[in-house]
Structure formats: structure tokens, C-alpha cells
Amino acid sequence: MYAIECQDVKKVFRKRKENGKVKRPLLKRLFKPGREVVKAIDGISFQVEQGEIFGILGPNGSGKSTLIRMLSTLLYPDAGVATILGHDVVKEVGKVQRLINRVSVDAAFFKKLSAYENLLYTARLYGVPLKDMKTTAQAILQKLDFDPKRFFDPLEDFSRGMQQKVAIARALLTQPIVILLDEPTTGLDPKSKRDVQAFIREVNQEHGATVILTTHDMDEADKLCRRIAIIDGGKFIQLGTATELKALVADKHENPTLEDVFLDLTGKKLVKEDEEQT
Amino acid sequence: MTIGNIWIEAKSSYAFLERNFHLCKRYFGWEIVFLVYTTVNTLTIGLIGKSMGSDENTLYLIIGALLWSFLSTLFHEVAETISWERWEGTLEYTFMAPVHRLTHLLGVCTYAIIYGLLRSILVLIMTVFFFHLNLVGANLIGAFLVMGASCLPFIGMGLGAAVLPLMSPEKGSQATHIIQGIILLVSGVYYSIEYLPGWLRPLSYISPATYTLQGVRGALLNSVPTRALLPEILILVLAGVILIPAGYKIFLAGERYAKRHGKLKRSG
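The listed protein sequences correspond, in order, to chains B and C. For the first sequence, counting from 1, position 205 maps to 205 in the working numbering; every step adds exactly one. For the second sequence, counting from 1, position 184 maps to 184 in the working numbering; every step adds exactly one.
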């Protein structure tokens with residue numbers, strides 16, 4: 001049985017069309033608002049083996065987070081079927097939710113609460129015994145080089161790197177079979193990034209967790225992922241191991257990198273989010 | 001559902017209660033501000049009655065202010081649960097957790113009742129001292145029974161209103177404030193509903209707060225015996241029996257809408 005399977009999954013959003021140049025009459029705007037159809041996911045099919053780290057590389061707006069949200073039971077696909085260990089993400093929501101956890105690009109915490117209080121909330125939600133919560137959380141945070149003295153400080157006082165480490169501890173506290181990592185190292189300092197990457201590898205190798213990792217970082221995808229899918233415009237442009245993908249452009253580049261692969265296949269530069277903001 | 005499952009769901013429900021009280025602790029400064037504001041508001045309104053030279057008017061207005069403080073807090077805490085989680089950025093995380101939506105909402109509603117009661121009791125104590133209120137002879141048990149029964153329809157209304165920020169992040173939250181304002185206007189909080197224009201009065205008859213205020217005022221001002229308060233209590237319980245399942249179903253429909261249209265994101 002595959003850990004994750006998507007068959008021709010589609011998702012369309014209808015966004016209000018804003019035409020800044022021409023002001024439409026008020027009545028038309030009220031009763032016939034212009035709607036722009038955006039194909040966020042346009043017929044994606046793939047399988048992820050149990051225990052695999054599967055990467056999804058794509059620019060902003062390519063559909064990575066939309067796909068992760070669908071697998072997280074937060075968004076219904078408009079067509080197609082997505083399953084986690086054979087359970088449909090729409091029809092068997094409760095079963096899927098017990099098997100997964102997600103780390104999103106923005107650490108979704110109650111920032112005024114401490115790491116302890118946030119993890120306590122998670123433990124109660126997921127039925128993790130309190131004693132196990134403390135032991136497991138502290139063990140994970142120690143591996144991620146988190147200062148244990150700060151366990152009871154409000155998270156708003158932490159750097160982004162520290163917050164993301166707590167987010168990872170929170171996700172792993174529930175011992176998920178499938179972990180969905182949506183750009184978990186974006187915006188992290190180099191040391192934090194290395195710590196998180198090493199930990200992902202360890203969790204996969206020692207615990208056999210299946211990981212889906214969306215990222216902008218080509219090196220990260222190359223180092224961690226067994227297979228990588230390149231996504232653009234809501235479609236998987238290409239899927240394969242890093243070696244297979246590089247072989248596709250070997251005739252054009254000497255020692256091709258994943259960046260060369262990406263540029264050649266999509267015609268776009270993969271701009272990292274932290275670079276975009278500067 | 002087995003007893004084991006019920007215990008697991010109860011512990012998950014407690015997660016929301018505990019979380020919210022932790023947040024209260026962290027936002028303690030703001031809690032003091034809201035408590036001071038509510039107290040000053042109640043005292044000010046009571047002083048209006050005193051300025052009219054009538055103890056009965058003073059008590060009439062104080063009961064209105066205290067009850068409205070409790071009921072509006074209850075409604076607000078339930079109705080704003082989505083808005084507030086969206087603002088914190090935790091909405092998706094909460095909705096991804098393997099917790100029945102009923103369990104989630106039960107936790108939120110339990111917190112709202114306890115929090116509303118605690119705040120109202122503190123304001124009541126300060127009001128009693130400020131005005132040297134004498135409630136000898138008042139039917140306190142009857143009043144609490146009416147108040148308890150009123151929690152049910154207000155929770156139901158809160159559940160239905162909570163769906164609005166799910167469907168429209170900004171406008172939804174604005175709409176819940178408008179609903180709260182309308183309930184305040186038509187329910188006779190500070191005046192008898194007879195003073196409302198005729199076209200507004202039908203709304204008074206369908207507002208649960210109207211019966212709450214009538215019942216509590218009867219018990220405290222006129223020492224109406226509990227048996228005579230049964231009509232108000234039964235109306236409130238019946239309203240709750242209708243509004244809670246209806247509010248829950250509306251919430252579930254709103255959740256399905258939000259998941260279909262991608263409205264659980266921070267920006268919606």
C-alpha cells in the first residue's frame with residue numbers, strides 16, 4: 001500500500017477579478033462580480049512509497065502548499081482522489097488526521113504561549129500522555145539544539161529558527177506515520193537549517209516515517225529526497241530521482257544541477273522566499 | 001461510542017479549555033482592562049438609575065448591565081473563536097487535529113461559560129459594594145436557574161455566528177458584532193421592550209435575552225417564586241434545544257464551505 005496516492009487531483013479557485021484600469025458600474029460589481037478561475041492543482045497523479053522522503057520543488061504559486069493542504073484534510077479537491085495509507089482525505093478525515101502531521105512555512109503557534117504550553121495543547125488534542133509529551137518533546141528539542149531553559153518562555157520571544165524547531169517537535173510528538181513539511185527550513189539560519197535537515201533524515205531512517213517535503217532549496221531536495229517532483233502551474237512537470245532529473249538536461253549542461261533542471265523544464269528561476277522579501 | 005472514547009473526547013475538549021485559560025494568563029493585562037471597563041460600564045449605568053432617584057430603577061439597570069455582560073461575553077467567546085484563531089495563525093492546525101468538531105466546540109463553549117461567569121461574578125461583587133445593594137428577599141436561586149437556562153440558546157446562536165468568519169474572514173467578524181448589537185437593542189437590556197417601535201418588537205419576542213432579563217428581573221426585583229419562572233426557563237431551554245443543534249449543523253456546513261473554497265488559510 002502506498003503511503004500517499006493521488007489520482008488526477010484537481011483544485012480550482014475562483015478569485016474576484018480586480019481590474020484597476022476600468023471601474024465597472026457598482027451594480028455590475030455587486031451582482032456580477034468578475035471571477036478569475038485559477039487552476040491551483042491541474043490533474044496531479046503520483047504515489048509515495050512508505051518510508052520515502054518525497055520532494056516537491058516549485059516556485060511560489062505553483063500549487064505546493066495547496067497540495068499539502070489537501071493531503072492535510074484542510075482543502076477538498078474538486079476532482080480526483082487523494083489517500084493516505086489507503087484512507088480518503090475527504091471521506092475518512094478522522095482516520096487520516098490520526099496518521100499525519102504538518103509543519104507549515106509559518107510556525108502556527110499561539111505566540112504568547114510558551115513552547116511547553118503549545119506542546120501541552122497538542123498532547124491533549126492528540127491523546128499523548130503528559131509524561132510522554134515532556135520526555136519526547138525534550139528529546140526532540142535537544143537533538144535540534146534548542147535551549148531547554150527556554151521551554152517556558154513565550155514563543156514570540158524566539159527567533160524564527162527556534163520557533164520552527166518547536167513546530168517540528170510538535171509535529172513529531174504525535175508520532176505521525178506521514179509528515180507533511182511545507183518549506184520547513186525557509187527563512188532559517190544555516191545552522192538551524194542543517195539541524196532540521198539532519199533531524200528529518202534521522203526521523204525517516206530510524207522511525208520509517210514517510211515525508212513529503214516542499215522546498216525552494218535545490219540542495220535540500222537533492223540531499224534529502226529519494227524522488228523529487230517539479231511542480232509548476234499546478235502540474236507535475238517531471239518526477240524522478242535527482243540523478244534521473246539531472247540526466248534529462250545532461251546534454252545541455254556539464255555537471256547539471258537541479259537548478260539547471262528546473263530552469264530548463266519550467267523556464268523560470270526558483271526564487272527563495274527570503275530572497276524575494278529583500 | 002464507548003466510555004473509553006468519551007473519556008478521550010473529554011480530554012481533547014479540555015485541551016481547548018486549558019489553552020484558553022493559559023492565554024488569559026498571558027494576556028492578563030488586557031483581561032484587567034476589560035474587567036475594569038465592564039465594571040465601570042455597569043457602575044455608570046447603575047448611576048443613571050440612581051440619578052433618577054429610584055432604587056428600583058438602579059437595580060433594573062444594574063441587572064440589565066450584568067446580564068448583558070455575561071450573555072454578550074458568552075456569545076462573543078463562541079462566535080469569535082474562528083476569527084481569533086485565524087488572527088493567531090492556528091486555525092489550520094486546530095482543524096487538522098483528529099478531534100470531533102463537537103468536541104472542539106464543547107471545549108470552547110465550556111470555557112465561554114466559565115469565563116463569562118467568573119467575570120460577571122467579579123463585576124457583581126464590585127457592584128454590590130459600590131451601591132450597597134440589598135438582595136434580601138430576592139429569589140437568587142430562581143435568577144441563577146434562568147441565567148443557566150439562557151446559556152443554551154446563546155451558545156446555539158454563538159455556534160451559528162461562528163461560521164461567518166469561516167466564510168468571510170473580515171466581513172464575517174464584522175457581522176457577528178452587528179448581530180450582537182441587534183440583540184442588545186431589541187432585548188430590553190436597559191429598558192422595557194414596550195418602548196421599542198412596533199416594527200422592531202417581533203425581534204424582541206424571538207430574542208432569548210428578552211426572556212432571560214424578564215425572568216431574572218422578576219426573581220430579583222419582585223421576588224417571583226421559581227415555579228412562576230418556569231415559562232421563561234422552558235422557553236429558554238426549548239430555544240437552546242433548537243438553536244444548539246441548528247448552530248452546530250450551520251457550523252459544519254460552514255466548515256465544508258471553507259474547505260471547498262480554501263478559507264481556512266490565515267488570510268482566507
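Just so you know, the hints here were simulated from the structure itself, not pulled from any lab data. Please note that the accuracy of each hint is not assured.
Claimed, not checked - Here are the simulated lysine to any residue pairs, SDA-like style, with alpha carbons at most 20 Å apart:
(1) C:K249 - C:I233
(2) C:K11 - B:L173
(3) B:K91 - C:T94
(4) B:K15 - C:M167
(5) B:K131 - C:K171
(6) B:K91 - C:K171
(7) C:K11 - B:Q175
(8) C:K25 - B:Y76
(9) C:K171 - C:T58
(10) B:K111 - C:L102
(11) B:K15 - C:E170
(12) C:K259 - C:Y27
(13) C:K265 - C:G29
(14) B:K95 - C:L238
(15) B:K111 - C:G29
(16) C:K249 - B:Y76
(17) C:K249 - C:E18
(18) B:K131 - C:I8
(19) B:K112 - C:L23
(20) B:K131 - C:Y14
(21) C:K259 - B:V81
Said to hold, decoys possible - Which stretches of chain C does chain B cover? Using the computed rule of at least three CB atoms under 8 Å from a CB of chain B, they are:
(22) 13 to 21
(23) 70 to 82
(24) 95 to 105
C-beta atoms are modelled at their ideal positions from N, C-alpha and C, and glycine is treated no differently.
* Pair hint K131 of chain B and K171 of chain C, alpha-carbon separation not exceeding 20 Å -> violated (43 Å)
* Asked: Is it true that the CA of K11 of chain C sits at most 20 Å from the CA of L173 of chain B?
  -> Holds: K11 of chain C and L173 of chain B sit about 17 Å apart, inside 20 Å.
* **Distance restraint between K131 of chain B and Y14 of chain C, which requires alpha-carbon spacing of 20 Å or less** => holds (17 Å)
* Asked: Given the proposed pairing of K265 of chain C with G29 of chain C, does the C-alpha separation stay at or below 20 Å?
  -> Violated - the C-alpha atoms of G29 of chain C and K265 of chain C are around 29 Å apart, more than 20 Å.
* Asked: Does the alpha-carbon distance linking K15 of chain B and M167 of chain C stay inside the 20 Å limit?
  -> holds (14 Å)
* To do: Take a quick look at whether K171 of chain C and T58 of chain C sit within 20 Å of each other, Cα to Cα.
  => Roughly 37 Å between the alpha carbons, so the hint for K171 of chain C and T58 of chain C is violated.
* Given pair status - Y76 of chain B, K249 of chain C, alpha carbons within 20 Å -> Holds - the C-alpha atoms of Y76 of chain B and K249 of chain C are around 19 Å apart, at most 20 Å.
* To do: Please count how many residues of the stretch 13 to 21 of chain C have a CB within 8 Å of a CB from chain B and say whether that reaches 3.
  => n = 4 at 8 Å, threshold three: holds.
* To do: Sort out whether Y27 of chain C lies within 20 Å of K259 of chain C, counting only the CA atoms.
  => Since the Cα atoms of K259 of chain C and Y27 of chain C sit roughly 31 Å apart, the hinted pair is violated (cutoff 20 Å).
* To do: Verify the proposed pairing of K249 of chain C with E18 of chain C, using a straight-line Cα cut of 20 Å.
  => violated (25 Å)
* Decide if the proposed pair is consistent with the structure: K95 of chain B and L238 of chain C, CA atoms, cutoff 20 Å inclusive. => violated (35 Å)
* Verify the proposed pairing of K15 of chain B with E170 of chain C, using a straight-line Cα cut of 20 Å. => holds (16 Å)
Figure legend: structure checked against the earlier numbered hints; hints not met, in rising order: 1, 5, 6, 8, 9, 10, 12, 13, 14, 17, 23.
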